[in-house]
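Engineer: First to last, the sequence lines map onto chains A and B. Counting in the numbering used here, the first sequence runs from 1 upward without gaps. Counting in the numbering used here, the second sequence runs from 1001 upward without gaps.
None of these hints come from the bench; they were simulated from the model. Remember, it's a predicted structure, so these values are computed and weren't measured experimentally. By construction, the Cβ of each residue, glycine as well, lies at the ideal position given by its N, Cα and C atoms. Just to be clear, a hint being listed does not mean it is correct.
To be verified - Quick look at which bits of chain A chain B covers, simulated, 3 or more residues with Cβ under 8 Å:
#, region
1, 37-43
2, 69-78
3, 101-107
Unchecked claim - Beta-carbon label-pair distances, calculated as ranges:
#, chain 1, residue 1, chain 2, residue 2, range
4, B, ILE1267, A, THR71, 36 to 44 Å
5, B, SER1134, A, LYS204, 52 to 60 Å
6, B, PRO1252, A, ALA133, 53 to 61 Å
7, A, GLY164, B, ALA1184, 50 to 58 Å
Listed here are the chains, written in short residue letters.
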Amino acid sequence: MKKRNRLQLDEQGRLKHFLTIEGLNRQLLIDILDTAESLTSISEQSIKKVPLLRGKTIVNLFFEASTRTRTTFELAAKRLSADVLNINIQASATAKGETLLDTLRNLEAMHCDMFVVRHADSGAAHFIAQHAAPHISVINAGDGQHAHPTQAMLDMFTIRREKGEFHRLTVAIVGDIRHSRVARSQIHALSMLGVEDIRIIAPKTLIPTEPDAFGVHVFHDLREGLRDVDVVIMLRLQKERMRGASLPSEHEYFQRYGLTEAKLELAKPDVTVMHPGPINRGVEIDSEVADGPRSVILQQVSHGIAVRMAIMAMAMQQRPPETAEGERR
Amino acid sequence: MKIAIKNGHVIDPANGIDAQQDLFIAEGKVVALGQPPTGFSADETIDARQQIVCPGFVDLRAHLREPGEEHKGTIASETRAAARGGITTLCCPPNTHPIIDTPAVAELVQRHAETAGHARVAPLGALTQKLEGSAITEMHALKMAGCVGMSNAMQPVGNTLVLRRAMEYAATYNITVFIHAEDAALANNGCVHEGAVGSRLGLLGIPTAAETVAVAATLALVEETGAQVHFSMVSSQRALQKISRARYDGLPVSCDVSAHHLHLTEIDLLGFNSLCHVRPPLRTQRDMEGLRKGVADGQIAAICSDHQPHEADAKLAPFGATEPGISALETLLPLSLRLVDHGIFSMTQMVSSLTHQPATILGIKAGRLSIGDLADICIFDPERYWTLDHHSMVSRGHNTPFFNWEMKGEVTRTLLGGKTVYER
């Protein structure tokens, strides 16, 4: 635990790398949310830029396909006035046999300041942070089935905007939790921010091994699990991650775990419906719900930009002026 | 050349010796214990005061990487590391390149070991041709060429009919079959124990059932064929229970455990520590305690090193992409001694599980100090503290999670056939 703390935070306890929610602390998460709050207005201005990271070079190092995450990271970096380099490695160096470490050394030689990394292997962002030059910050944009902490933070941001606070909330996560890095990071963030009742809802084949270690309540029946929840987070059914025989059919899955208006009636009247996207309509969520009044799925995407701006700025030890010490709410 | 080893505490469990005694060697063989033979005049006298004198260790599983992967290690480099660890006989699995599935490769491995002269190497032959699990090998010829058993290395024989025939054929010639018990489908290309830590780290798990299912299937075939089977590197308490039960029922089976499975658990993987990436995976505290108990009560016959040297790059990648294994020859003794210090078993039991018990499994004359035996001897100081570091490591592979551990007990001298092959 201590070791990871040291890796992510500097001697003053400030953010250096953002790899996983685990090992961080509540105050730091609140700081990220507050900083993001102060940065949201920028996206609404006619000139959508602040000079916080002017002169810095940020590399989006994507070893796995992504549209939403890469685009929002790119926009976030550009709104902070950084120079952005997008590298899609699937079709690049490692395909020619270059090791991850060699790729890293080459990019370092180009004097970059930050790596935003997505990789199919769990632990890849940790590995890069451990081996990168000391001046470089690493942001995990999703590693294998381990963590996707910026996604979790934008979800927390969305929940706070909808609900105001985290205590006394009941949050349910529904779907392929076993294979989901998003769910792992969400669970850690929710529990760190004080949510007492975190539920995961799925058939046994999609529940992670030893769920007790995560401090969650496990449900196998969607109707039972949705009772009186404040927030329901639907996960995408990650078909490409399915190994073996986890589910019989999309049809049976939708019957048992698909979110419909009828099932949503069991939740609190002001329930918020979330989804990290991209959504499979008619597989895990009915269009009526996805496009309905309780869905904040598109807000999540736009919040992603402000949250990622906040995390990037904080990892580079920069803060927007209006959130200078003492003025944060 | 006549050698006298004086004032040492001789532990030779095979002969029931556990006392301060002098030991005398002539022409590479043990010639007397206690009193020298008449007219014995030593050319060299070794003072072993405050030290243990015991048979050289017999390691049931060490990958030497030659032929085929000399960038990781060679027979010469790794047997030299063995000598430093007090190990005089190494059993190497057949997964070299080329594979040890012909007498020629088996002979080549032994010849290279003889030329290097640091330790004896007893190869295992492949159970199936190319380890592919479809056709059995010329086991009789491999046995004649010096193979001490047959094994399919890390590749499980998926086809149970082939496994059954291979066991029947091996039983024809009294050949022991070495099994790494892992059901390939259940292992599902995982890289860690399927448990709380793997789940947190998002790493693909190998469930305990991958081991127990393979053990159960193999035991059923032992009942059917009567083949002598040795399970290499048991990793879970449940698998050990099944094997112990079978032994109680009289089946001809035995098993060993690696030294690191007696000291590390899944917890050691936190922070994605690729140096603890091993196969079978490190499991839970409960499993580790079960394995320790198995060593203490004799259900586990031997502690092996499962030595797997790697070049640095093999461990420099995200966890799942790293190669499994620990460079372990030089830590076999101190890790075993640590169990004596913890009160898990006695010094004599420890020496047994490193000497005559593994030798019995291999069916070789080693691991004991009877008059007339080859003088393969390890002398170690059980009280000496030392720290393993890059600088002093002899093996070509420096991949070990035990750097900076304070080790207690160090080999001071190793003799192979009466010749000193290591001296601190």
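Engineer: Confirm or reject each hint.
Structural biologist: Each hint tested on the structure:
no.	hint	result
1	37-43	violated (count 0)
2	69-78	violated (count 0)
3	101-107	violated (count 1)
4	B:ILE1267 to A:THR71: 36 to 44 Å	holds, 39 Å
5	B:SER1134 to A:LYS204: 52 to 60 Å	violated, 36 Å
6	B:PRO1252 to A:ALA133: 53 to 61 Å	holds, 58 Å
7	A:GLY164 to B:ALA1184: 50 to 58 Å	holds, 52 Å
Going down the numbered hints, you'll see the structure goes against 1, 2, 3, 5, while the others check out.
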